[in-house]
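Build out the structure end to end from the sequences listed, making use of the hints.
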Amino acid sequence: MDARRMSRAVPRVRQVGFFTPNTPAQQPQPQSAAPSSESPPLSDSPASNSLSPVMIPPPRHLSDNLGGRTAAVPVPGRENSGELPTVGSYNPSESVLWLDSPPRSRIGDEELSEGAESSLGWYRRSDSAKFASSLPSGGFNLSTAKHPDSVAAVEAKNPLPEQSEAQKEQASSSKPLKAKTTKAERRALQESQRAAKAASRAEANKSGTPGGAPSSKPMKQPPQKKDGPPVASSIAASERIGVDRSVEKERKKDLPPPRKQFDDESRGGRAKRRSVLNQPEARNRVELFRHLPPHKNGTQLPYLGSKFFELHEKHPAVYKVGLQYLAGDLSGGNARCIAMLQAFQEAIRDYSTPPEKTLTRDLTSKIGGFVSFLIECRPLSMSMGNAIRFLKSRIARLPLTLSESEAKTTLCSDIDRFINEKIVLADKVILRHAATKIRDGDVLLTYGSSCVVEMILLYAHELGKQFRVVVVDSHPMLEGQKLLRRLLVKGLSCTYTQLNAISYVMHKVTRVFLGASSIFSNGTVYSTVGTASVAMVAHAFRVPVLVCCEAYKFHERVQLDSICFNELGDPDAISKVPGRVDVNYLDNLTDKQKENLELLNLKYDATPSDYISVIVTDYGMIPPTSVPVIVRGYRKEYLLI
Amino acid sequence: MDFQVVVLAGGNSKNLTPLVSKELPKPLLPVANCPVLNYVLHQLEQSNLKDLIVVVEGEDAALLVGAWISGTFIDRLHVEIAAVPEDIGTAGALRAISHHLTAKDILVVSGDLVSDVPPGALAATHRRHDAAVTTMLCSIPVSGPLESGSSGGKDKAKKLGRYNIIGLDPSKQFLLHIATGAEIEKDARISKRILHAVGQMEMRSDLMDAHMYAFKRSVLQEVLDVKDTFQSLKEDVLPYLVRSQLKSEALLNRTPQGEENSNEKVSSQNNQAFISRILANASTPSFHGIYSENPDGSSSTRKTHKCCVYIASSSSYCVRLNSIQAFMDINRDVTGDADHLLSPNNIIGPSPKLGTKTTVGPNCRLGEGSEMGDKCQVKRSIIGRHCRIGSHVKVVNSVVMNHVTIGDGCIIQGSVICSNVQLQERVELKDCQVGAGFVVTAGSEYKAESLAKKEK
Chain A
1 MDARRMSRAV PRVRQVGFFT PNTPAQQPQP QSAAPSSESP PLSDSPASNS LSPVMIPPPR
61 HLSDNLGGRT AAVPVPGREN SGELPTVGSY NPSESVLWLD SPPRSRIGDE ELSEGAESSL
121 GWYRRSDSAK FASSLPSGGF NLSTAKHPDS VAAVEAKNPL PEQSEAQKEQ ASSSKPLKAK
181 TTKAERRALQ ESQRAAKAAS RAEANKSGTP GGAPSSKPMK QPPQKKDGPP VASSIAASER
241 IGVDRSVEKE RKKDLPPPRK QFDDESRGGR AKRRSVLNQP EARNRVELFR HLPPHKNGTQ
301 LPYLGSKFFE LHEKHPAVYK VGLQYLAGDL SGGNARCIAM LQAFQEAIRD YSTPPEKTLT
361 RDLTSKIGGF VSFLIECRPL SMSMGNAIRF LKSRIARLPL TLSESEAKTT LCSDIDRFIN
421 EKIVLADKVI LRHAATKIRD GDVLLTYGSS CVVEMILLYA HELGKQFRVV VVDSHPMLEG
481 QKLLRRLLVK GLSCTYTQLN AISYVMHKVT RVFLGASSIF SNGTVYSTVG TASVAMVAHA
541 FRVPVLVCCE AYKFHERVQL DSICFNELGD PDAISKVPGR VDVNYLDNLT DKQKENLELL
601 NLKYDATPSD YISVIVTDYG MIPPTSVPVI VRGYRKEYLL I
Chain B
1 MDFQVVVLAG GNSKNLTPLV SKELPKPLLP VANCPVLNYV LHQLEQSNLK DLIVVVEGED
61 AALLVGAWIS GTFIDRLHVE IAAVPEDIGT AGALRAISHH LTAKDILVVS GDLVSDVPPG
121 ALAATHRRHD AAVTTMLCSI PVSGPLESGS SGGKDKAKKL GRYNIIGLDP SKQFLLHIAT
181 GAEIEKDARI SKRILHAVGQ MEMRSDLMDA HMYAFKRSVL QEVLDVKDTF QSLKEDVLPY
241 LVRSQLKSEA LLNRTPQGEE NSNEKVSSQN NQAFISRILA NASTPSFHGI YSENPDGSSS
301 TRKTHKCCVY IASSSSYCVR LNSIQAFMDI NRDVTGDADH LLSPNNIIGP SPKLGTKTTV
361 GPNCRLGEGS EMGDKCQVKR SIIGRHCRIG SHVKVVNSVV MNHVTIGDGC IIQGSVICSN
421 VQLQERVELK DCQVGAGFVV TAGSEYKAES LAKKEK
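Residue numbers (our numbering), protein chains in the order written: chain A, 1 to 641; chain B, 1 to 456.
Heads up, some of the hints might be wrong.
[Said to hold, decoys possible] Which stretches of chain A does chain B cover? Using the computed rule of at least three CB atoms under 8 Å from a CB of chain B, they are:
| id | segment |
| --- | --- |
| 1 | 327-333 |
| 2 | 415-427 |
[As the list claims (entries may be wrong)] Derived DEER-like restraints, expressed as beta-carbon distance ranges:
| id | chain 1 | residue 1 | chain 2 | residue 2 | range |
| --- | --- | --- | --- | --- | --- |
| 3 | B | ARG189 | A | LYS490 | 21 to 27 Å |
| 4 | A | GLU595 | B | SER70 | 56 to 62 Å |
| 5 | B | ARG189 | A | GLN466 | 37 to 43 Å |
| 6 | B | ASP75 | A | LYS392 | 46 to 52 Å |
| 7 | B | LYS172 | A | GLU462 | 47 to 53 Å |
| 8 | B | ILE140 | A | TYR303 | 20 to 26 Å |
Calculated directly from the structure, the hints in this document are not laboratory data. Just so it is clear, CB atoms sit at the ideal spot from N, CA and C, and this is done for glycine as well.
Written as structure tokens, this is what we have:
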């Protein structure tokens, strides 16, 4: 009973890595040669003994999993084990995901074992616990069967090969037992099986293992179908952690949702061909961040300028905004979004449908062209992505009966409404909410220059609240100084400090107000680089962290780190200090010495939701865990506007 | 891109006498056997600017220029020729065609600019800053070895007047002060207000106004309307705009005000203000923005406009043909270092006939149909079409235009010889300019002189 409940209620992440705890228990003696030295903790860990196998904590079996695999799956497993230290150093939870997924085939197998388990739940009650725990080893065996050169080894290791075979049969026979599926479901199942089979075969060919022993394939598909979406998302998440390139590439082919910027060769190539700007060569970029689009610095400006008149298909307003992005004249999520929308508005006003085309189609492609131009100037922020999605959906939903001028005015007013409702009004609502959290005598800390936070501070000041502001800033942008100036002009009392002094000022602070570029549906806050450290320090000092963010910036993506998706800034900006000729330590390096220098200027980082007390948004003050609710509701809403 | 291009081609230039004449207005003055206007038009064409307004001083000159353009750029450019009376200056010329200007921004290019700087770069800078005026600055060209000749002293005196004193802000994006050489000699007046707002000004004398401007149309028209005494863009309009950039009169901002008034609802106006504040806060503030903020932080009441500069990189070529020295320099450079400027329609025709033992050195151009006798030497020179050159002639560092007859034994150094000139035997010319149709008698020697037919 207990086991059954577990199999239903356990969260997906744990399910994925679930089979592994048993494997060491299953392969105790013969296997001991290499992996046992790494995997002992598990076999005698109290968790595995006392609890049902499902309950074993993930970080534990992670290492075991690895050990088991290095023994069983020779080639990819070895690579992975080599990579482990790098991975582990980031975040244990990441590495769990990462480890779970690497070679594509494993995922299916894991699911299989999981599926077998869950189906087994039905007769677990009657069967012996021993049998139940041995079942997953069948799953393991299946997975290794993929790599025939290792099969023998596993077979030798596995004490109960026949038993695993038997289990397979039982599992398959158990299927009808639990199958309350409708005909349609079964059909879908079958199809997904076929697809997965084809995919795995392709992969087997690719990875060079001849005749990828697909005998066990049919079995493993049903579970995959069953919890396809969550697994896929976990894959996607791990996929983004661009650590092991070779493994990743292997997986890339058959994975539909790789969310990468320019990692993909073909996409990068296409972008290059279409691009207006020269792509700067990827020299001296930090290995881990090579997948990010390189920074287009100011040197591109004259080049783009010289093409000014040649790009006549780009509307002047859009062009101007692009130039401002590129030159860094305009920054900040809200401002960029507003500027872009206003430029689109102008472009739509000047638009006329070419003959023999429909407005809906042609305008959409036109906007697409503008957007790709803007992306070249600077990668879009999430807020802009949401706004573009809104605009495109509005265009697509235009009634065909509308005349051109009507359609244009409709779109323009839609854009106006988006700006007014989603940004201006949202900000005003946020002001009200956040101001209630400011009391007399508070010391508020903010980082960088967020326009919402600035408005909150000014608003609270207008309300007559007495408080101090600590503005924390960091190189190379020094945006905090701009904020500081405007606050001082309005008569607020401020303290200004740099990020490296954060731990000294934090103990006096009573509230931390932060802005955000985006908030993901797992509650991760994506914001200017340095925000995460501020939030972390505040958390350590038990200072509440309030993140102020308009709901249109929420994104349904799940992101765990700031590596997979980020933006690179100008590397020269950190190596040179403007206005300080005396700080020139990096100037006189020879070219050869510079070859070993890699400069990393990241623009954003991701703050885990643990460090955030509350998110102040236009729907009220919510905990970070409630973000998905708003993302879902909001998406529905803006499609219906 | 919502830009309108005006090419100020000019007409007869006093600086260039005796090279230009009624028959040969300045725009058609051949540089390496190709009218100087061609360089500008070719470059605009390459930048995909095909609708141009070419302003020519004088009806006759306009006819000549128009005929040449329609012959050369047929089907490629859409050019309107506007004839304006002579001696009304560049500002006057723009004023005369003001009613033709409709686009948001106007690009004004001088017709005598020989440059490879793309006009788009200027336009992009203009747009990016939303400036009232953007001007292109280029480094002052180095005059060649020719200058060290005997005419050096005279030329230098002239050149001093050509220099600009230019004040830039530390980011080298805004123009804070501009003065031509003549004014500097008296004294330079720098606006205290501007200096105060910027804090730091960089004075440069090694930059030259290339006479390529981008104007906001509304601003340009207002200035031309109100200040009807302004004659020259460079000497009147531009310094005026630069001087008044922090206290720009309401006239420069009339249009935005009108737009604001159209928003009747108070709430929407509030929202507009809100949005503009977000945008303003997000953008890097220039000193204009900081200045227009009142000390108490209330909304701005002072109107400003921006005067931007685009500084051409030092590797690009950019020279104005506004003196004889410049003419010589350009001729030399176009055949030498900067030969990429020569447009494809400038390819030399069928090779000229050369006599025996005649040598033609590098960096030379020979027009089609020219004939040369025996034992001639041509170095670093340009010879036009259908010239007849006798034997034992030496041509060094010179420009010989079309239909010139040169007798035997002539020596020509550093000179310009215009069309239809006849040089009889054993003429020696050094650093001379010979006007069109002049006949130099046999055996004469001239040094640093300007020879022209007397006006009848």
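ARG189 (chain B) versus LYS490 (chain A) beta-carbon gap, inside 21 to 27 Å or not: 36 Å, violated
Take the segment 327-333 of chain A, compare each residue's beta carbon with every beta carbon of chain B, and decide whether three or more fall closer than 8 Å. n = 6 at 8 Å, threshold three: holds.
Is 47 to 53 Å a correct range for the gap between the Cβ atoms of LYS172 (chain B) and GLU462 (chain A)? 39 Å, violated
Between the beta carbons of GLU595 (chain A) and SER70 (chain B), is the distance compatible with 56 to 62 Å? Distance hint for GLU595 (chain A), SER70 (chain B) holds at roughly 58 Å.
If you check the beta carbons of ARG189 (chain B) and GLN466 (chain A), does the distance land in 37 to 43 Å? 49 Å, violated
Tell me if chain B covers the segment 415-427 of chain A under the three-residue, 8 Å CB rule, please? holds (count 5)
Cβ-Cβ distance between ILE140 (chain B) and TYR303 (chain A): within 20 to 26 Å? For ILE140 (chain B) and TYR303 (chain A) the Cβ distance comes to about 25 Å; the hint holds.
Given the hint of 46 to 52 Å, check if ASP75 (chain B) and LYS392 (chain A) actually sit that far apart at their C-beta atoms. Violated: the Cβ-Cβ distance is about 40 Å, outside 46 to 52 Å.
In terms of the numbered hints stated before, the structure departs from hints 3, 5, 6, 7, listed from lowest to highest.
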